[in-house]
Amino acid sequence: NPFVGLVSHLRASWLSGKTRPMEYRVAQLEALGRFLNDKKQQILEATASDLGKAPFETELSEILMCKNELHETLNNLSRWMKDEHVDKTMAMQLDSAFIRKDPYGVVLIIAPWNYPIHHFLVPLIGAIAAGNCVIIKPSEVSKKTERLVAEALPGYLDKDCFAVVTGGVPETTRLLENKFDYIFFTGSPPVGRIVMMAAAKHLTPVTLELGGKNPCYVSDTCDVSNVARRVAWGRFFNAGQTCIAPDYLLCTLEMQEKLLPALRKAIDDFYGPNPQESLDFGRIVNDKQFQRVQRLLSSGRVAIGGQTDEAARYIAPTVLVDVQPSDPIMQEEIFGPILPIIIIANMDEAIDFINSRERPLAVYAFSSSDKVVNQVLKRTSSGGFCGNDTLMQFALTSLPFGGIGNSGLGMHHGKFSFDTFSHSRGCLKRGMGRESLNTPRYPPYSQKKFGVIRATSKVTRKSECTLL
Amino acid sequence: MERMQQIVGRARAAFNSGRSRPLEFRIQQLKALERMVQEKEKEILAALRADLNKNGPNAYSHEILGVLRELVLAMEKLPSWAAPQTVKKDLMTLRDKAYINYEPLGVVLVIGAWNYPFLLVMQPLIGAITAGNAVVVKPSEVSEKTAQLVAELLPQYLDKDLYTVVTGGVPETTELLTQRFDHILYTGNSAVGRIVMTAAAKHLTPVTLELGGKSPCYIDRDCDLAVACRRITWGKYMNCGQTCIAPDYILCHPSIQSKVVENIKATLKEFYGVDVKSSPDYGRIVNKRHFKRILDLLEGQKIALGGETDEDSCFIAPTILTDVSPESKVMEEEIFGPVLPIVTVKSVDEAIEFINRREKPLALYVFSNNKQLIKRMIAETSSGGMTANDVLMHAVVPDLPFGGVGHSGMGAYHGKYTFETFSHRRACLVKDLKMEVLNKLRYPPGSMEMMHL
Numbered sequence: 001n002p003f004v005g006l007v008s009h010l011r012a013s014w015l016s017g018k019t020r021p022m023e024y025r026v027a028q029l030e031a032l033g034r035f036l037n038d039k040k041q042q043i044l045e046a047t048a049s050d051l052g053k054a055p056f057e058t059e060l061s062e063i064l065m066c067k068n069e070l071h072e073t074l075n076n077l078s079r080w081m082k083d084e085h086v087d088k089t090m091a092m093q094l095d096s097a098f099i100r101k102d103p104y105g106v107v108l109i110i111a112p113w114n115y116p117i118h119h120f121l122v123p124l125i126g127a128i129a130a131g132n133c134v135i136i137k138p139s140e141v142s143k144k145t146e147r148l149v150a151e152a153l154p155g156y157l158d159k160d161c162f163a164v165v166t167g168g169v170p171e172t173t174r175l176l177e178n179k180f181d182y183i184f185f186t187g188s189p190p191v192g193r194i195v196m197m198a199a200a201k202h203l204t205p206v207t208l209e210l211g212g213k214n215p216c217y218v219s220d221t222c223d224v225s226n227v228a229r230r231v232a233w234g235r236f237f238n239a240g241q242t243c244i245a246p247d248y249l250l251c252t253l254e255m256q257e258k259l260l261p262a263l264r265k266a267i268d269d270f271y272g273p274n275p276q277e278s279l280d281f282g283r284i285v286n287d288k289q290f291q292r293v294q295r296l297l298s299s300g301r302v303a304i305g306g307q308t309d310e311a312a313r314y315i316a317p318t319v320l321v322d323v324q325p326s327d328p329i330m331q332e333e334i335f336g337p338i339l340p341i342i343i344i345a346n347m348d349e350a351i352d353f354i355n356s357r358e359r360p361l362a363v364y365a366f367s368s369s370d371k372v373v374n375q376v377l378k379r380t381s382s383g384g385f386c387g388n389d390t391l392m393q394f395a396l397t398s399l400p401f402g403g404i405g406n407s408g409l410g411m412h413h414g415k416f417s418f419d420t421f422s423h424s425r426g427c428l429k430r431g432m433g434r435e436s437l438n439t440p441r442y443p444p445y446s447q448k449k450f451g452v453i454r455a456t457s458k459v460t461r462k463s464e465c466t467l468l
Numbered sequence: 001m002e003r004m005q006q007i008v009g010r011a012r013a014a015f016n017s018g019r020s021r022p023l024e025f026r027i028q029q030l031k032a033l034e035r036m037v038q039e040k041e042k043e044i045l046a047a048l049r050a051d052l053n054k055n056g057p058n059a060y061s062h063e064i065l066g067v068l069r070e071l072v073l074a075m076e077k078l079p080s081w082a083a084p085q086t087v088k089k090d091l092m093t094l095r096d097k098a099y100i101n102y103e104p105l106g107v108v109l110v111i112g113a114w115n116y117p118f119l120l121v122m123q124p125l126i127g128a129i130t131a132g133n134a135v136v137v138k139p140s141e142v143s144e145k146t147a148q149l150v151a152e153l154l155p156q157y158l159d160k161d162l163y164t165v166v167t168g169g170v171p172e173t174t175e176l177l178t179q180r181f182d183h184i185l186y187t188g189n190s191a192v193g194r195i196v197m198t199a200a201a202k203h204l205t206p207v208t209l210e211l212g213g214k215s216p217c218y219i220d221r222d223c224d225l226a227v228a229c230r231r232i233t234w235g236k237y238m239n240c241g242q243t244c245i246a247p248d249y250i251l252c253h254p255s256i257q258s259k260v261v262e263n264i265k266a267t268l269k270e271f272y273g274v275d276v277k278s279s280p281d282y283g284r285i286v287n288k289r290h291f292k293r294i295l296d297l298l299e300g301q302k303i304a305l306g307g308e309t310d311e312d313s314c315f316i317a318p319t320i321l322t323d324v325s326p327e328s329k330v331m332e333e334e335i336f337g338p339v340l341p342i343v344t345v346k347s348v349d350e351a352i353e354f355i356n357r358r359e360k361p362l363a364l365y366v367f368s369n370n371k372q373l374i375k376r377m378i379a380e381t382s383s384g385g386m387t388a389n390d391v392l393m394h395a396v397v398p399d400l401p402f403g404g405v406g407h408s409g410m411g412a413y414h415g416k417y418t419f420e421t422f423s424h425r426r427a428c429l430v431k432d433l434k435m436e437v438l439n440k441l442r443y444p445p446g447s448m449e450m451m452h453l
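Protein chains in written order, with UniProt numbering: chain A, 1 to 468; chain B, 1 to 453.
To be clear, the hints were calculated from the coordinates, so they are not data collected in a lab.
Just the calculated beta-carbon pair ranges, DEER-fashion: (1) Glu-332(A) x Asn-287(B): 49 to 59 angstroms; (2) Leu-23(B) x Asp-87(A): 16 to 26 angstroms; (3) Leu-295(B) x His-85(A): 41 to 51 angstroms; (4) Asp-309(A) x Met-1(B): 42 to 52 angstroms; (5) His-85(A) x Ser-347(B): 27 to 37 angstroms; (6) Leu-441(B) x Asp-220(A): 27 to 37 angstroms; (7) Leu-295(B) x Glu-332(A): 49 to 59 angstroms; (8) Pro-79(B) x Asp-309(A): 49 to 59 angstroms; (9) Lys-201(A) x Asp-349(B): 28 to 38 angstroms.
All C-beta atoms in this analysis are idealised placements derived from N, C-alpha and C, irrespective of residue type, glycine included.
Based on the provided sequences and hints, a complete structural model is requested.
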């Protein structure tokens, strides 16, 4: 196995204990910050080359958001690392009971191509903050960014503890044969299964950030132009290649008629009359994805957009109508700049539609009525939820980000990243004195001894009143 | 296959009906469980005695008391555990509602183990119900009587469709694992843990694996040896050594090895009398297969104490092995029996190195008067949990998470952690449909002013 040497090297560094002191972790995290600053131009160029990403989008999603996570972590690290003391029973009052946050050891982060910096860097922040050694496997699909990360990142981090591995499916498969102490994977559900099965062989815990079809319900009572803007922004950001993008829209025929002109206007406001000329609209990452997404255009009828340019891997911001649940576009996560609209009669039907499918990473609901938003929230299940906007639940570092069911397991962002990459170890420190207090627990067992145990360790219902 | 499909299908339909979600319903089910434990105490104790020769007060305090405590805690805390948790907002979200919603996962599977057969299905079940799920319970077939009893009792007290018991052995469990669950909590050994996780991977089902390993117990020269050995004796020989967090082996300096043996010997007499076999408080090995397995481990070893066995009653006397070689069979697998090997080490450095060369254990124990040494032990090793100057006790602190790491497991439960294990923490952000002004900054055409916000 070509990676055995690398993994052992990192494991040896791990066992040496050098990643554990807070000062070390802070130094590595600060170096990551410098990487983001120094290489900003290269990051903009690489992501523009790989995905046609608008500089604005890159600054926002790949740099600013990473920096937010970095600062949040650096600001709070010492507090997060502290032992968490817990309440004790009467019998343990003189003991010390606490939760120690232990690093796992050598962890593997596998990142996808759609936000190629963000999706390895944000978990990496958590992994370093938690005191681990890390192997980073960026996506080979976003080629220029992969090269940038492989060449530049090692210069900023301790080479004994952090490494970047490049390659495609064969290399990743061999990498996964090694034993890791945690695996963090972002990508598609089928590959998520493969990763989890590989992890199972070594009993390695995992976090899987996967995907699905994120429904977006628009009720009849809403500010149509605001809805159109917020939905269009979320859908067409990064040319639709966002795991939490609104995948399809659910609304009544009436609402559709109002939304279409509003969506047309929003797209025009954002990207101008010919989005292919806009510097702010991205491209599909490669030919394979382009062909896949293009095929989906045959579902229903094109109401807005629909133009494509294969050489440029350009697909126009598109809205499809007359889409049936059985159409191809409703069978897979779109991951492209196409918004199909499915007509439903009312909110209940929308909720039933959502619940008849796999649980998505996000559910969106738009309504001027709080009640409607709350109903959709209460009666559906998803990784996360946003009412009256799209994507924004992702940006708040105090909210956990993760899926459920087919959309993933585990979570991260902010402190949740630190917790994900830490083992919470239950610790109890007792004294050697007061041995007489232990007598009731020792054999020979008796009812009398038992009575003492019960009295000193039980938890009574506050609502009950016991007369002794 | 069909039967399992039907059972899980029924549970899923029951969950989808939504009736397990209101807090009042959950509390009602928990109250019913409390009644069950109180009303059927005699039957439960009889099953535990039949399966493991656990006697009354012992069985009560180790299995029933713990369950009642979890029930009381759950009923008390459910409203606060289930309440949405508001989170810190930033400038962009100041006017919004941002919170974490605790939601049930759906249909969860609890696979129990045979060593604390009642506790290990009930404790997870309580948390799963508290979190609003439907639950399929698969008690261990090795502890037959308890499994049968649980299968009889639960339907008498709980909602029959939401909560089901499936009995059977490996074939039934294998079949069950082909079904889709929303979480699986498994207690048992690492080998089967791998099988469970692999089956779960097919459905992307999250798992909590409470496994085992060899929990080391380091005895420093600077400690009250009599007290240390007393506590170790208690934890090691309880349930005839069949406790996942029992101190598996001892690490100590050669100079105190014989004193350790002497102290444990004296304590054993105190606990079980001169004739251990006739003590009502000393358990038996659960079955002949495990009896033979443990017997095998004694081969070629220096028996300093004990070693007597009786196959008919699956009796193995409290046994200590001295000068054990790290490469011997008894040091390869989790003993899970009343055999205590002592491996000598010259220093705490050697002990730490020894521990770190092996798979991460479920528990780690250190006995010492030296606070710095204890700090070092904790800081330089990794284990599921640990106790200093005692054994087992970290597992009964209600607010400590109980779980393994590495080969000893993943995930944790007990108390609030069971609730969290069986819940989905859903991030919720609710914005105003108005206030579009702020949003305009993020829309294309790209504006760099946004960056400076």
